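> Single-letter residue listing:
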Amino acid sequence: MFLFFKMAWRNIRRNLRRTLITLSAITFGLSAMIVFFGFADGFHGQWVENTVKAYTGHIQIYRSGYRDDPQLSRSIEDVSRVTRELRSDPAVNTFASRVEVQGLISTAENSYGVLIRGIDPEEEIKITAIKDRIIRGRYLEGSKGGLWAVRGVLIGYRLAERLNADIGDKVVLMVQAADGSLTSELFRLKGIFRMGAVELDSSFAMITLEDARRLALMGERVTEIAVMLNRPEDVLPFAERLKKRLSPSGYEVFTWDELMPALREMIELDNIFMYIILLVVLVVISLGILNTMLMSIMERIREFGIMMAMGTTPGRVVLLVMLESFFIGLLGVILGAGIGISVNRVISIRGFDLSRWGGAVEFFAILDPVIYPETDPRNVLWSCGIVFLTALVVSVYPALRAATLRPVEAMHHA
Amino acid sequence: MDTLMRGDTSAGIYEMTVRDPNWERTLRLRVWEKGREKKTFIRILSPPKEEGIGTLKIGFEMWNYLPKVEKTIKVPPSMMMQAWMGSDFTNDDLVKESSIVEDYVHRVIREVKIEGFDAYQIEAVPRPDAPVVWDKILYWVRKGDYVPLRQEFYSEKGELIRVMTFSEIKAMGGRVIPTLWQMRPIKKPGRETTLRVIAVEFNQPIDDEIFTLRNLMRVR
Amino acid sequence: MLKSPFIKMAWRNLWRSPRRTLITISAISIGLMAIVFYFGLMDGMNSQTLENNIRGHAGHIKVYAKGYKKDPTLSKRIKEPGDILRILSEEPHILYALPRINAQGLAATGVKSAGVMIRGIDLKQEEKASDFKRYVREGIYDIPAGKILIGKDLAKLLRAGIGETLSLIVQAADGSIGAENYKIGGIFYTGEAAMDSSLVVMSLEDLRALTVLGGDVTEITVILDRSENTKGVMRSLEGRLDRKGLELVGWEELLAFLLAMQSLAEVFKYVPLVILIVVASLGILNTVLMSVSERTRELGIMMALGTRPSRIVFLILLETTLMGIAGVILGVTGGMILLTYFGDRGIDFSQWSEGLRTIPFHPTTIYPVIEPVSFYLATGVVFVSAVLSALYPAYKAARLRPVEAIHFA
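Chains as they are written, first to last, in our numbering: chain A, 1472 to 1885; chain B, 17 to 236; chain C, 981 to 1389.
Bear in mind the hints are in silico, worked out from the structure with no lab data behind them.
Careful: at least some of the hints might be erroneous.
[Claimed, not checked] Computed spacing ranges between beta-carbons, pair by pair: (1) R234(B) / R1066(C): 26 to 34 Å; (2) D1122(C) / G1536(A): 49 to 57 Å; (3) R1558(A) / K1211(C): 54 to 62 Å; (4) P1719(A) / S1207(C): 48 to 56 Å; (5) G1225(C) / L1707(A): 54 to 62 Å; (6) P144(B) / Q1084(C): 28 to 36 Å; (7) T1320(C) / Q1542(A): 54 to 62 Å.
[Stated by the list, open to error] Under 8 Å between C-beta atoms, here's a sample of chain A residues computed to sit facing chain C: (8) P1703; (9) I1747; (10) V1851.
Nothing here was measured: the structure is a model prediction, and the numbers come from that model.
Even for Gly, the Cβ is constructed at its ideal location relative to N, Cα and C.
Construct all of the structure, not just a fragment, from the sequences and the given hints.
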């Protein structure tokens, strides 16, 4: 048995250049696919993260029925109960409570309907990138100074344009409070942001959680809690756990793809196309290997003939041939995976900037052109397995050809 | 001045004319008011297209009733800044009319002569926390009886945004009041809203039943 | 002179081991077919998504009264568009000029109300011009007078269904309050949250009456025969329409986000091409190397007999070129067949992915269509790299020393 290994190994080394070229085809093919997947996964991952951070977080928790009918009366009352659950779960990175309410923003010249989001400024920057996206003015600070402190509001640049408002301007926010009455309060424009998403930039106004609660007469309540997890993969299992614990108490837990299904779908579609490419690459690699193996068999017809004349069974011949491709396949896969994963690692340190080829500056917050490849171990294992198997399967035909040689004829082959 | 126009109660008939570069409309209104309780009820008498439309305001809440579609609509915040019935008065103006006293600090600047009358020029600056968009409002009121003559609304940029003039001062319903009010938004050329007091009575008792949703939906 | 004997030789050499030649050719052709089909799928999907958006709501060009973009109210309207519609109908490349009225308003049921954007359209004309009809999931598109279409999310918000009554209230163009009751005749779902939650569609006449617009409209949506003609048409119309106080907005501005997303994804389209080329080239390299080494003696003899090394190189390259040509012809033919077959029938993705409908205006059936540029690029690159991969073996062959070569066992 061991003899076979030696023979196979020696055969491979016989024509080193040929072997190396075959090896490099497998290696390159696999590593290229891994890097390609890495880029795609990285792009998708970032897209999701950016969108999720800007809108919903990985998970959103509401009071039951709020999503269908967003009334302020359906708000989360026992916030600490929920936060306790969240704090105790290791999967949770951070969470932020919010009060969201529809309202009107007015300046002396103009007014527009907006979605007012009351945020905890400290908590919120752990989730959204809003602090980094302030283009004029400053970010919100937690309220200090009590009732007479200046209340700040942040709005998007598109809204600022429409309102013709500048930093420091007086702004009145009016909402229909939790008890149905209309309340309004004076705010000052503290900062203007540019998130790169049209909706956010044109119809959102951010104020502190405290201010929002007071404006909407919400007391200690909030309308939703957005949760960010440490790892995106944990979303589903975490959601399940949380649902079990919170649903009976009258809360609803939603994952980001339940709230924004289109995003998930677009990524799935992209992935489908990539699997198709993988398939075609495999076919072309296989054809290459096939040719190579066939030719190497042809070279050794005499040899095989002698072997079989001396008693080597056809089965053993098959085994021998397949061992050769086993080695090449194994080596190719190991190298390919190694190179692919390393390339992904290296590029992901500084990222790869695609902006030369596309995208548009105004949307960079959501469509980030700098890509950090991600290596999904499942994808890698999967690709390796398939490539390896393909290499083996492809060598079946040449192996059979060798095994079905007639020794006498073979030996006389020139 | 507020007390002058509001009083405890008032009930009257007004005519509102709105002029726009593209059109002109005149509405005839019947208005009841209980100033102290911040209740107002308005019924449109004419033209026929709008006849029967009612507006009820209690505190900071406002409802409109449209007989054409038989619906009562609670006015949401997003509609508050919209013009009331197409005029240059916003829903917010109607709702916040009495806030001028609470939300502002008044100061007499000087004495001038305006429209042929001796008047005080008063500057009203909003309190630091008042939910109003104006930076300041200038008033001119007639010396002696404090009948308002003119109002100028300024934004923080120092721009004059709205001007309201009061004229045709007459005695009516037991008081001396301007019967012609004109509101001109400076930034919207060609637009003007004029309110004319046809008849009004002050401090007569008004049935509370009028300020109910039930009454809103009752169209004669 | 160069050609005849060499081509014959090259050809004969190829068929000396038919299996090998065929496998190589099939590697080239399969790779090319796959790339051509993939490009077709990608290009098709992208352009269809754009088309869907254009036909579904944006149009190729929008004609507005000056100032409408900043102040989209009834006051900035296109008065008596008859003239303009005539100009547009005479303009080449314009298929449809659709007058529309947009008005902000309030929709109210007995209990709930919501701010809405009301759009009045010429239902019959728009049925031909846009494919909004297929987004109507419940009820019917051809609503009669007095009926309206609302989005799925709006219906949910207002708790209203087919046949129920909705009041629409607007501030009319003459300053009066327009209020009317309408029955819901259909519910649509586009996947685009903004539309599904705040758009109300009704007939042009109905909205005209409600807003007292007389004969005016607030916009004209222009649909062209081909998107490529947009800039040209806009330039041609600009002068004339500007004089009438109108302005034009092209779809590239209206759909800027979509375009940005697509252009970013373009990069990903070309990566598979590169991967396939490298992998195929390596395979061809090996094959040609081996075929050369098999013929070492023969080549040695040729060189000893006077064939110059450059001719040897030429011969090897020619062999590969012939294979390349065959592979390309097959690949192109195969690819074209695939494209034509699926280009007509389309590939219906919705059977594998119900969720596709949630992507706004995304085609559920994709018709692969390839742009000539992509096509020639792919073909050219594949062919050239196939031939280039034979350079090294050809070089090696030319450097053989005849004496050694002849004695090669």
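> The structure should be examined with respect to each hint, and the outcome stated for every one.
Against the structure, the hints:
1. R234(B) / R1066(C): 26 to 34 Å: Roughly 52 Å apart at Cβ, these two residues miss the hinted range, so it is violated.
2. D1122(C) / G1536(A): 49 to 57 Å: Violated, since D1122(C) and G1536(A) (Cβ atoms, about 36 Å apart) do not stay within the stated range.
3. R1558(A) / K1211(C): 54 to 62 Å: Holds, at about 57 Å.
4. P1719(A) / S1207(C): 48 to 56 Å: Since P1719(A) and S1207(C) have Cβ atoms about 54 Å apart, the given range 48 to 56 Å holds.
5. G1225(C) / L1707(A): 54 to 62 Å: holds (56 Å)
6. P144(B) / Q1084(C): 28 to 36 Å: Distance hint for P144(B), Q1084(C) holds at roughly 34 Å.
7. T1320(C) / Q1542(A): 54 to 62 Å: At roughly 56 Å between Cβ atoms, Q1542(A) and T1320(C) fall inside 54 to 62 Å, so the hint holds.
8. P1703: Where the cut-off is 8 Å and the nearest Cβ of chain C is about 18 Å from P1703(A), the hint is violated.
9. I1747: The hint holds - I1747(A) has a Cβ within 8 Å of chain C, the shortest such distance being about 7 Å.
10. V1851: Violated. Min distance 16 Å.
The structure shown violates the earlier hints numbered 1, 2, 8 and 10.
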